[in-house]
Every structure is written in C-alpha cells, then in structure tokens.
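One-letter residues, chain by chain:
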Amino acid sequence: DTGVSQDPRHKITKRGQNVTFRCDPISEHNRLYWYRQTLGQGPEFLTYFQNEAQLEKSRLLSDRFSAERPKGSFSTLEIQRTEQGDSAMYLCASSRGRPSGELFFGEGSRLTVL
Amino acid sequence: AQKVTQAQTEISVVEKEDVTLDCVYETRDTTYYLFWYKQPPSGELVFLIRRNSFDEQNEISGRYSWNFQKSTSSFNFTITASQVVDSAVYFCALKADNQGGKLIFGQGTELSVKP
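Taken in order, these protein sequences are the chains called Z and E.
This note's numbering applies: residue 136 is where the first sequence begins, and numbers increase by one.
This note's numbering applies: residue 41 is where the second sequence begins, and numbers increase by one.
Hints may be right or wrong, so weigh each one.
[What the hints assert, rightly or not] No more than 30 angstroms apart at the CA atoms, straight line, and that leaves these computed lysine-lysine pairs for DSSO-like:
(1) K56(E) with K78(E)
(2) K192(Z) with K56(E)
(3) K192(Z) with K43(E)
(4) K56(E) with K146(Z)
[Claimed, not checked] Pair by pair, the computed Cβ-Cβ distance ranges are:
(5) E55(E) with S235(Z): 40 to 48 angstroms
(6) I51(E) with K206(Z): 27 to 35 angstroms
(7) E57(E) with K149(Z): 42 to 50 angstroms
(8) S197(Z) with E57(E): 41 to 49 angstroms
(9) N92(E) with R199(Z): 19 to 27 angstroms
(10) N98(E) with T247(Z): 27 to 35 angstroms
(11) I100(E) with H145(Z): 34 to 42 angstroms
(12) S101(E) with I161(Z): 38 to 46 angstroms
(13) Q42(E) with T137(Z): 28 to 36 angstroms
(14) K110(E) with D142(Z): 35 to 43 angstroms
Just so you know, these hints were derived from the structure itself, not from any lab.
Heads up, the beta-carbon is just placed ideally off N, CA and C, and yes, glycines get one too.
Between the sequences and the hints, there should be enough to build the whole structure, so can you do that?
The following block contains the structure:
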C-alpha cells in the first residue's frame with residue numbers, strides 16, 4: 136500500500152492527557168498537511184509542511200498543538216492537555232507541491248476525549 | 041477571504057435518478073483550483089476532479105459531470121443514473137495559487153441513494 140497512512144486509527148483518552156498521531160505520506164510527496172474534521176463539517180486546515188519546514192499554521196492550532204516533520208518524511212501531531220473540544224477526526228494529506236496538485240488523504244485518526 | 045459554500049446539507053434520491061450537488065465559492069485570486077472529493081462511510085477522502093480557473097470547459101467522466109461557471113462562481117457536480125454505491129458525503133474545495141497548496145473545504149453534502 137503506497138497511500139497516506141495514519142496511526143492510530145482510533146484513540147480514546149481522558150481529558151488532560153497528551154496524545155500523538157503519526158502520518159506517513161506518499162513517499163515522493165514533499166508537502167504534508169494536517170486537517171481536523173468534526174461531525175457534519177468539512178475538513179479544516181491546521182498546518183502544512185514543505186519537506187521539514189512548517190510553512191503555515193492555522194489560528195485553530197492552539198499552543199497545545201504541535202506538529203513536526205523531522206527529515207521531511209513522516210509527521211507527528213501532538214495535542215497536550217487534551218480537552219473534550221479536541222474530539223475530532225484528524226486527517227493527514229500529502230501532495231507533490233505543484234499549485235494545481237490534488238491532496239491525497241489518509242483514513243484519519245479519530246480522537247475521543249472523555 | 042476564501043470560502044466555499046455547499047448549501048445542500050443532505051440529499052436523498054432513489055437509484056437511477058440524476059442528482060446535482062451545488063458548490064459556490066468566493067476568492068479574490070485570479071488563479072485558483074477547484075476540487076471535488078468523495079468521503080464514503082469508511083472516512084477516507086477520495087479525489088474526484090480538479091479544475092483550474094482558466095478552464096471553464098465542462099467535464100464528463102462516466103456517470104459524473106461537472107459544470108464550472110466563473111460568472112456565477114459555481115462548480116456543480118452531477119451524478120447521472122445514481123447508484124447505491126454513490127452514497128457518501130461530497131466536498132467541494134478551493135485552492136488559491138498563492139496559498140501554499142492548502143484546500144478550503146465546503147461543509148459537504150451528504151448524498152443518500154436508496155434502492
């Protein structure tokens with residue numbers, strides 16, 4: 136399987152705990168994106184990387200959220216001190232970086248904060 | 041500011057009916073790209089089509105067709121002779137040339153095709 140893969144697929148945690156999600160993009164793609172999707176809504180942009188550089192962060196990304204992409208390969212999204220409002224599907228996508236290029240999405244990591 | 045509006049939250053049709061999903065967008069950029077994605081119950085967003093702002097030709101792919109009209113800032117999607125397997129949430133999205141490649145999504149239209 137050469138698509139975008141995300142791990143874990145599901146995470147249930149208690150409020151206040153830290154969680155980390157991992158995304159492995161398609162290998163030749165230099166851009167990697169994180170989105171958040173809540174029930175009944177479209178995906179909302181969080182942040183994106185070109186290679187290892189984080190080029191943009193949404194205002195949705197509070198200081199409890201941090202994303203990294205060491206060596207420009209896989210990426211991690213960490214949420215510290217989780218809150219119930221963080222419950223959502225976290226989607227990762229990658230692309231070749233051409234302006235017209237479509238994004239290829241993974242199956243997402245569903246977070247439930249109790 | 042960029043925005044995508046999908047006014048239809050849910051649509052229900054009977055198999056073999058034609059159905060059109062509406063999409064209206066806002067952008068001040070002259071170069072931009074429009075997309076449609078399908079999200080089946082499994083959750084993975086599947087790319088369907090891309091259109092750039094300089095190409096207003098309509099496109100047909102099998103039972104799917106797209107109507108792009110810059111004059112009304114719309115990019116509508118029609119499924120002809122719908123099938124149960126078409127049941128999913130469909131998202132329209134916009135990407136501007138100078139926005140780092142990020143997509144701005146609409147809220148989605150949930151299509152239910154009943155046998």
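Task: Straight-line alpha-carbon gap K192(Z) to K43(E), limit 30 angstroms - done: holds, 18 angstroms
Open item on the list: Verify the CB-CB distance for I100(E) and H145(Z) against the hinted window 34 to 42 angstroms.
Closed with: holds, 39 angstroms
Task: Cβ distance range 35 to 43 angstroms for K110(E) and D142(Z), holds or violated - done: Taking Cβ atoms as reference, K110(E) and D142(Z) lie about 41 angstroms apart, which means the hint holds.
Task: Hint check for S235(Z) and E55(E) - Cβ pair distance inside 40 to 48 angstroms - done: violated, 35 angstroms
Open item on the list: Within 27 to 35 angstroms: is that where the Cβ-Cβ distance between I51(E) and K206(Z) falls?
Closed with: violated, 45 angstroms
TODO: Please test the hint of 28 to 36 angstroms on the beta carbon pair from Q42(E) and T137(Z).
DONE: Since the Cβ atoms of Q42(E) and T137(Z) sit about 31 angstroms apart, the hinted range of 28 to 36 angstroms holds.
TODO: Look at the Cβ atoms of S197(Z) and E57(E) and judge whether their distance stays inside 41 to 49 angstroms.
DONE: Holds, since S197(Z) and E57(E) (Cβ atoms, about 44 angstroms apart) stay within the stated range.
- [ ] For S101(E) and I161(Z), compare the CB-CB distance with the range 38 to 46 angstroms and indicate the outcome.
- [x] violated, 23 angstroms
- [ ] Hint says 19 to 27 angstroms; check whether the CB-CB distance for N92(E) and R199(Z) agrees.
- [x] violated, 37 angstroms
Task: Restraint status (C-alpha distance of K56(E) to K78(E) at most 30 angstroms) - done: Judged against 30 angstroms, a Cα distance of about 19 angstroms means the pair holds.
TODO: Could you grab the alpha-carbon distance between K192(Z) and K56(E) and see if it respects the 30 angstroms cut-off?
DONE: Violated, at about 44 angstroms.
Task: 30 angstroms Cα cutoff - pair K56(E), K146(Z) - done: Violated - the C-alpha atoms of K146(Z) and K56(E) are around 39 angstroms apart, more than 30 angstroms.
Of the hints listed earlier, those the structure fails to meet are numbers 2, 4, 5, 6, 9, 10, 12, in rising order.
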